[in-house]
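Peer 1: With the hints as constraints, model all of the structure from the sequences given.
Chains as they are written, first to last, in the working numbering: chain Y, -19 to 545; chain V, 480 to 813.
None of these hints come from the bench; they were simulated from the model. Hints are not guaranteed to be accurate.
Taking beta-carbon pairs under 10 Å as the criterion, some of the chain Y residues facing chain V (in silico) [claimed, not checked]:
| no. | residue |
| --- | --- |
| 1 | Asp32 |
| 2 | Ser118 |
| 3 | Val236 |
| 4 | Asp390 |
| 5 | Pro423 |
| 6 | Arg425 |
| 7 | Leu429 |
| 8 | Leu507 |
16 Å max Cα-Cα, derived EDC-like pairs, lysine to aspartate or glutamate [as the list claims (entries may be wrong)]:
| no. | chain 1 | residue 1 | chain 2 | residue 2 |
| --- | --- | --- | --- | --- |
| 9 | Y | Lys141 | V | Glu531 |
| 10 | V | Lys774 | Y | Asp314 |
| 11 | V | Lys774 | Y | Asp390 |
| 12 | Y | Lys167 | Y | Asp481 |
| 13 | Y | Lys141 | V | Glu520 |
| 14 | Y | Lys502 | Y | Asp481 |
| 15 | Y | Lys502 | Y | Asp478 |
| 16 | V | Lys637 | Y | Asp390 |
| 17 | Y | Lys420 | Y | Asp390 |
| 18 | Y | Lys61 | Y | Glu350 |
| 19 | Y | Lys464 | Y | Asp288 |
| 20 | Y | Lys436 | Y | Glu470 |
| 21 | Y | Lys545 | Y | Asp524 |
| 22 | Y | Lys464 | V | Glu520 |
One-sided and incomplete, this derived list gives chain Y residues near chain V with beta-carbon spacing under 7 Å [claimed, not checked]:
| no. | residue |
| --- | --- |
| 23 | Val34 |
| 24 | Val229 |
| 25 | Asp258 |
| 26 | Gln264 |
Cβ atoms here follow ideal geometry from the backbone N, Cα and C, with glycine treated the same way.
Single-letter residue listing:
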Amino acid sequence: MRSSRKVLALLAVLTLGLALLAAGCGGGGGGGTTTGGEAQVGGTLVFAGASDPVVLDGALVSDGESLRVIDQIFEGLVGLKPGSTEIVPALATSWEASSDGLAWTFHLQTGVNFHDGTPFNAAAVCYNFDRWYNFTGSFQNPSASYYWQTVFGGFAKTDPKSGAPAESLYKSCGATDDSTVVINLTKASSSFLGALSLSAFSIASPKALQDYGADEGTVDADGIFHPTGSYGTEHPTGTGPFTFGSWTVGDKLTLVRNDDYWGAKAKLDKVIFRPIADNTARLQALQTGEIQGYDLVEPQDIPTIQGDSKLQVLDRPAFNVAYVGINQSLPPMDKVEVRQALAYGLDRQSVVDSFYSGRGVVAKEFMPPEVVGYADDVTEYTYDPEKSKTLLQAAGLTLPVKITFWYPTDVSRPYMPDPKRNFEAFAASLAKAGFAVTAKSAPWRPDYLGNVDEGKAQVYLLGWTGDFGDPDNFVGTFFQSPQKAWGTTEKPNKEIMDLLDQAETETDLAKRTDLYMEANRKIMEWLPGVPYAHSKPALGFRADVQGYQPSPVSLESFATVYFQK
Amino acid sequence: MLRYVVRRLLLLVPILIGLSLLVFFWIRALPGGPAQALLGERATAQSIRQIEHEYGLDKPIYVQYVRYVQRVSRLDFGDSVTTRRPVLYEIKQRFPATVELALAAMFFAVLLGIPLGFVAAKRYGGVVDNLSLVASLFGISIPIFFLGILLKYVFSVKLGLLPTVGRIDALITIDHPTKFYVLDAIVAGDFPALWDVLKHLMLPAIALGSIPLAIIARITRAAVLDVQNEDYVRTARAKGLPPRVVDVRHVLRNAMLPIVTIVGLLVGFLLAGAVLTETVFAWPGIGTWLVDAIKSRNYPVLQGGILFVALIFVLVNLLVDISYAILNPRIRLS
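Peer 2: What follows is the structure, encoded as structure tokens:
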């Protein structure tokens, strides 16, 4: 008996001891020297993303976390006005196109050096463009060079087995002198300039690319490429306001202010990126101050952050579109009256009001209002269930009309925070409009996306976030080429495809805008799907973090950020 | 003894081969592949074909398996599809984190569980016994992720005593020669960093250790109750040995057998990756790595990772069996 009492006492002491030990200061902070009430220079900001970056080589990534870090280290020829998609000079001070639109001349900033001290000049620009054009093997994989393929198409030697586009918009690059570079295209393109603001086309130090083997690797017996260089993981070298410090995967990535930066120097000393995958974990880390900012705030967490005086929410301008997609090759969706009936049968206003936490607006076409080519006068389909029924009967169908409606599970997208609720509300409103909805759901990836891409889904929820501020990145992506998801491989709409082709190559901005507006009007008549929302994604920060400028395309710089007490 | 160990190690071979076959075919039976995982909405039919070609997924499945076996025999487990780094490198990065967390959780569970079970058994039917019963039920029933979030809310957000995420504060930098952050801090002689690492370990260890704590407490209680009534204990007491000596040398020592077995099995289980705890505390271990790999159909990671976890589990079980033989002379000498 005595010994067990001793054990009990020991237990109690241990527990007490643990509790006392734990009473040290918890949490961390990051502020710099305090100067009360003013902006302060210095300090370290800790920002949480959802995962580690893949590699810090802009040409080889398309994931948001890699691009976020790349945007601090690298710059391109052109940039975007903060908070918008308007093109402004960056490493190029001015530019002009030849009259046939095939040769673009860029005048470069002078006196700029890369982080390794080598000079930024026209030869460096051409080195980068030629590097991308000459990608071979594994680098031609769309998960690697997605943006090159989207904007320029093919390569110098496109592997026919890889399925990449055979032709390329890019022809060559020439350095007229140290600060003048000419990029030659194979055909006129107007989306080319806007696309140059993409992080994929940022300019890296040729010396670093070579010294650290950016393209080096071994190809094994199966033809699989294994990267061996250390450029993208240890020596990314650009011209931007921050330089690469260190990177411990799973722990943190540190950037350091570039004190030799050619433009306005950053205010922070350092920026540290931490990967925190779970949304609640990110929120709690912000509440304790272990991080001072994070991206992809869940809609249900926004009231929590707004209600805390030590925290703030920042909005990204809406640059996405959520839509109900339709596969026209699956009857009865091939009849335009049925598609119109579907459009009139969706109560979009109610969905946007209820499930977007006050951060959505109803969409009436397949691109957001900020993009050039947006037409205000497209046909609109306000909720009218009686009209739906009339249209269905006029099409010779007996009510209710059976359709299968797909929605994804296990995901929240910026344009569609709660797919299931959206679906349920739409199904309910369609039931009143003469439709009998059969629900089909699947986990977002790869199942749901796979089924949609293969054309298996008759009616489905999907959306798109724009990469760069060009209408081609929206309606061109959807409708310029036949796709199984829309059923346009079986029933292509030649008129709209030709119109979009024409708009893409038109170099006069006014004419181009008119062409895209015309395309939007025609698309909303043709009604390949029903757009329903544009929404504003949100970032969360500590209240003393100022100067962060959210961008519609998530091209955001930490150089303007500072702590304010 | 040696023959026993060698025989057990040889058994590893058919286990791993069978498992690799199972995993290989199972993950390919799952719908979809890495393409949609990599590209999301940006996947087109063309890009999907490109990616499948890249990873050899368009070949017949037996061809794929033969190639896989050839690569594995060269100890080449391929690269992760999402991070493009070698699978072996990722295991080396992530496994120490899992080991550290598992050991911390077991340390917490054993430190509290054995004394708790012992006292409960000694005070059979008393207040402590009933309280420990309630606590065990609570420990087993409460979902780990909920416990983790609750612990974080109370101790971090509200009381500000402990951190919520990661293994170390973002502003502290130390070298990582061993990748075990506790050891790294000791090696560096950086005691503020060591304290910070320990603080980061506390809440995840408590959350993860809640179930082992409950189990160990109950098993200890049952084992002690069992042994207490044995003849040799009565003899020891009758001989006039002090109660403490009886308890330690005779009761606890013999009760240890089932306890050690359970502890070993639990460690093996925890080393397989504590997904929920790792998610809630952003702990970069094996658990979340494997679950993410399933979601993104990251075949190389799944194949290499599951084999590795199976290997660890088998080895830990072997160690448990050997330690059992060491502790129990009856087994050893038979």
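Peer 1: Evaluate each hint against the coordinates.
Peer 2: Verification of the hints:
no.: 1; hint: Asp32; result: holds (7 Å)
no.: 2; hint: Ser118; result: holds (6 Å)
no.: 3; hint: Val236; result: violated (12 Å)
no.: 4; hint: Asp390; result: holds (8 Å)
no.: 5; hint: Pro423; result: holds (8 Å)
no.: 6; hint: Arg425; result: holds (5 Å)
no.: 7; hint: Leu429; result: holds (4 Å)
no.: 8; hint: Leu507; result: violated (21 Å)
no.: 9; hint: Lys141(Y) - Glu531(V); result: holds (11 Å)
no.: 10; hint: Lys774(V) - Asp314(Y); result: violated (34 Å)
no.: 11; hint: Lys774(V) - Asp390(Y); result: holds (10 Å)
no.: 12; hint: Lys167(Y) - Asp481(Y); result: holds (12 Å)
no.: 13; hint: Lys141(Y) - Glu520(V); result: violated (23 Å)
no.: 14; hint: Lys502(Y) - Asp481(Y); result: holds (14 Å)
no.: 15; hint: Lys502(Y) - Asp478(Y); result: holds (12 Å)
no.: 16; hint: Lys637(V) - Asp390(Y); result: violated (30 Å)
no.: 17; hint: Lys420(Y) - Asp390(Y); result: holds (14 Å)
no.: 18; hint: Lys61(Y) - Glu350(Y); result: holds (13 Å)
no.: 19; hint: Lys464(Y) - Asp288(Y); result: violated (47 Å)
no.: 20; hint: Lys436(Y) - Glu470(Y); result: holds (13 Å)
no.: 21; hint: Lys545(Y) - Asp524(Y); result: holds (6 Å)
no.: 22; hint: Lys464(Y) - Glu520(V); result: holds (14 Å)
no.: 23; hint: Val34; result: holds (6 Å)
no.: 24; hint: Val229; result: holds (6 Å)
no.: 25; hint: Asp258; result: holds (5 Å)
no.: 26; hint: Gln264; result: holds (5 Å)
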